[in-house]
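Novice: So the chains spell out like this:
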Amino acid sequence: MISQVLPKEIVDFLRVLEYWDHILVGLAKTMWLYVWALLLGFFLGLLLSLLRQYGGRILSRIATGYVEILRGTPLLVQLFFIYFLPFSINSFLEARGLPYIPIGRWSFYITSNLFGRTITMVFLDHITLMGILTLGLNSAAYQAEYLRGAVMSVGGEQLEAAQSLGMSRRSGILHIVLPQALRRVIPAWSNEAAYLPKYTVVVFFIGLTEIFAQAHYIVSKTFLTLSVYILVSLIFLVIITIISKSLDILYKRTAIPGL
Amino acid sequence: MTEIPYDPTKEIAETVLNVVDVWKSYDELEVLKGISFELARREVKVIFGPSGSGKSTLLRCINMLTPPDKGEIYLSGQNLMAPGVDLNAMRAKIGMVFQHFNLFSHLKAADNVSVGLRRVKGFTKEEARAKALDALHQVKMTDWAEHYPAQLSGGQQQRVGIARALAMKPDLILFDEPTSALDPELIGEVLQVMLDLAKAGTTMVVVTHEMGFARAVASEMIFIDQGVVIERGTAEHFFVSPESERVKNFLRQINILYGHHEELLKESNEDEKL
Numbered sequence: 001m002i003s004q005v006l007p008k009e010i011v012d013f014l015r016v017l018e019y020w021d022h023i024l025v026g027l028a029k030t031m032w033l034y035v036w037a038l039l040l041g042f043f044l045g046l047l048l049s050l051l052r053q054y055g056g057r058i059l060s061r062i063a064t065g066y067v068e069i070l071r072g073t074p075l076l077v078q079l080f081f082i083y084f085l086p087f088s089i090n091s092f093l094e095a096r097g098l099p100y101i102p103i104g105r106w107s108f109y110i111t112s113n114l115f116g117r118t119i120t121m122v123f124l125d126h127i128t129l130m131g132i133l134t135l136g137l138n139s140a141a142y143q144a145e146y147l148r149g150a151v152m153s154v155g156g157e158q159l160e161a162a163q164s165l166g167m168s169r170r171s172g173i174l175h176i177v178l179p180q181a182l183r184r185v186i187p188a189w190s191n192e193a194a195y196l197p198k199y200t201v202v203v204f205f206i207g208l209t210e211i212f213a214q215a216h217y218i219v220s221k222t223f224l225t226l227s228v229y230i231l232v233s234l235i236f237l238v239i240i241t242i243i244s245k246s247l248d249i250l251y252k253r254t255a256i257p258g259l
Numbered sequence: 001m002t003e004i005p006y007d008p009t010k011e012i013a014e015t016v017l018n019v020v021d022v023w024k025s026y027d028e029l030e031v032l033k034g035i036s037f038e039l040a041r042r043e044v045k046v047i048f049g050p051s052g053s054g055k056s057t058l059l060r061c062i063n064m065l066t067p068p069d070k071g072e073i074y075l076s077g078q079n080l081m082a083p084g085v086d087l088n089a090m091r092a093k094i095g096m097v098f099q100h101f102n103l104f105s106h107l108k109a110a111d112n113v114s115v116g117l118r119r120v121k122g123f124t125k126e127e128a129r130a131k132a133l134d135a136l137h138q139v140k141m142t143d144w145a146e147h148y149p150a151q152l153s154g155g156q157q158q159r160v161g162i163a164r165a166l167a168m169k170p171d172l173i174l175f176d177e178p179t180s181a182l183d184p185e186l187i188g189e190v191l192q193v194m195l196d197l198a199k200a201g202t203t204m205v206v207v208t209h210e211m212g213f214a215r216a217v218a219s220e221m222i223f224i225d226q227g228v229v230i231e232r233g234t235a236e237h238f239f240v241s242p243e244s245e246r247v248k249n250f251l252r253q254i255n256i257l258y259g260h261h262e263e264l265l266k267e268s269n270e271d272e273k274l
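From first to last, the protein sequence lines stand for chains P and V. Going by the working numbering, the first sequence opens with residue 1, and the numbers climb by one from there. Going by the working numbering, the second sequence opens with residue 1, and the numbers climb by one from there.
Only chain P is shown next, with the shape it has when bound in the complex (with noise of 0.2 Å):
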């Protein structure tokens, strides 16, 4: 038996990586949530910065509420939040005798065979999309806050001697301000390129199958505790080590000759 002759915690983990189409369906997942929701994130976080900034009383007031209040609360509550509010709303309109959507009954995935497995892949479903909406507008809150401190360093001189020549504000920020703030952003900012991955995981408790819920099937199957998590770690470690390389590469590339 191979078990004999080699070390224990090898064949743990050969034992472990059978179920690689599973783990392989639940990064691909992952990446998938936390791509989206760094772009929701980030969109959304760049208007919000630019409203703290230079929106006025009430708007700015709006967007810093926003910011407070989404990163003062659990990310697991604003997941059940968001992801029961749909299910309230139909409620109340069906106990009225109202028309309401049909939730969690669609979903878009594709299904194929690799290396003899059946591999299904779910795009979007009900679930997938409140898990990208909440990782999103929490990313934001975040995202907002280390634009707006960019945005705060490039300074108002700059917006003034846009408007000294003649340029809107809007124009101001857009064209002077927003190219320099976003590459200053970048070191900040690839905190939140590097958290979020791991924030990724509470979808799980909405039951969506990312990494971390197919780790603990196979943890369920195998009994292999520790091996698993190690594994699913060290999967992490790997992708997040990549992004922030390519995040200071970014960073590098795009600097200003002289600054």
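Derived from the structure by calculation, the hints contain no laboratory data. These numbers were taken from a predicted model, which means no experiment stands behind them. From the three backbone atoms N, C-alpha and C, an ideal C-beta is built for every residue, glycine too. Among these hints, one or two may not hold up.
[Said to hold, decoys possible] Label-pair restraints from in silico Cβ distances:
| no. | chain 1 | residue 1 | chain 2 | residue 2 | range |
| --- | --- | --- | --- | --- | --- |
| 1 | P | 249 | V | 36 | 51 to 59 Å |
| 2 | P | 179 | V | 228 | 55 to 63 Å |
| 3 | P | 179 | V | 36 | 36 to 44 Å |
| 4 | V | 100 | P | 73 | 41 to 49 Å |
| 5 | V | 67 | P | 104 | 35 to 43 Å |
| 6 | V | 28 | P | 95 | 31 to 39 Å |
| 7 | P | 179 | V | 183 | 23 to 31 Å |
| 8 | V | 185 | P | 74 | 22 to 30 Å |
| 9 | P | 179 | V | 77 | 33 to 41 Å |
[What the hints assert, rightly or not] Computed footprint of chain P on chain V, listed as stretches where at least three residues anywhere in the stretch have a Cβ under 8 Å from a Cβ of chain P:
| no. | stretch |
| --- | --- |
| 10 | 105-117 |
| 11 | 153-160 |
| 12 | 191-200 |
| 13 | 215-222 |
[As the list claims (entries may be wrong)] Which chain P residues face chain V? A few, computed with CB under 7 Å, are given here:
| no. | residue |
| --- | --- |
| 14 | 156 |
| 15 | 160 |
| 16 | 180 |
Following the hints, position chain V against chain P.
Specialist: What follows is chain V alone, placed relative to chain P:
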């Protein structure tokens, strides 16, 4: 550049800028308390006074970066304080040169100059670039067109700042202490560019303590302290017979601080005699 010495007697003065009774306060602090002056085309007005006197605020009020609380500012007859005025269009006619240069740090010198031409005046990339290089030539910065601001010395940056304002072909240019942030050895090159501009008939309002410059080209000097005009007159008036005690004290201190510019001052006088 052709040098056309300014002679106010030879043309009918056309008022470019008319500042009428401008008031501005920040919270409790009253910075400007009713300042008025007129600026004719091709005129160079030098505004000076102790720090905190409101000189910079006055310039910022003129191009409405800091709108005044009260008063009127007419640019070629158009009141900038009137409701519904397109301030962006008006600002395109008023150049501004900043104490700390405020160049766009992500843009090369040529792009710093051309960005306004493209975004405001709607020139194509090529047209804007050609005009930008012209302006850089005027400030002797052509060789540095492809450098980023952080790769330039303070004096060079300020010359690009002047080119940026110049390229827009404004009706007048405001200079907000353009040499105050420069190392002494870099002041000369910037002042030289400004002297050239003044002699070529550029309409300018200059906040500066460079009395040599003022003496050489100012058509009128205005001394401001604590938000009010204390004294105004020609450069000769200020250097020969200033009336107010405050002006005398201030000029004495300036002389101690800027004593090393006595030579520039003499040179400028000789220029005038020629």
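Novice: For each hint, tell me whether it holds in the structure or not.
Specialist: A quick look at each hint next to the structure:
no., hint, result
1, P:249 with V:36: 51 to 59 Å, "holds, 58 Å"
2, P:179 with V:228: 55 to 63 Å, "violated, 42 Å"
3, P:179 with V:36: 36 to 44 Å, "holds, 41 Å"
4, V:100 with P:73: 41 to 49 Å, "holds, 42 Å"
5, V:67 with P:104: 35 to 43 Å, "violated, 56 Å"
6, V:28 with P:95: 31 to 39 Å, "violated, 59 Å"
7, P:179 with V:183: 23 to 31 Å, "holds, 29 Å"
8, V:185 with P:74: 22 to 30 Å, "violated, 60 Å"
9, P:179 with V:77: 33 to 41 Å, "holds, 37 Å"
10, 105-117, "holds (count 4)"
11, 153-160, "violated (count 0)"
12, 191-200, "violated (count 0)"
13, 215-222, "violated (count 0)"
14, 156, "violated, 10 Å"
15, 160, "holds, 5 Å"
16, 180, "holds, 5 Å"
Taken one by one, the earlier hints fail for this structure at numbers 2, 5, 6, 8, 11, 12, 13 and 14, listed in ascending order.
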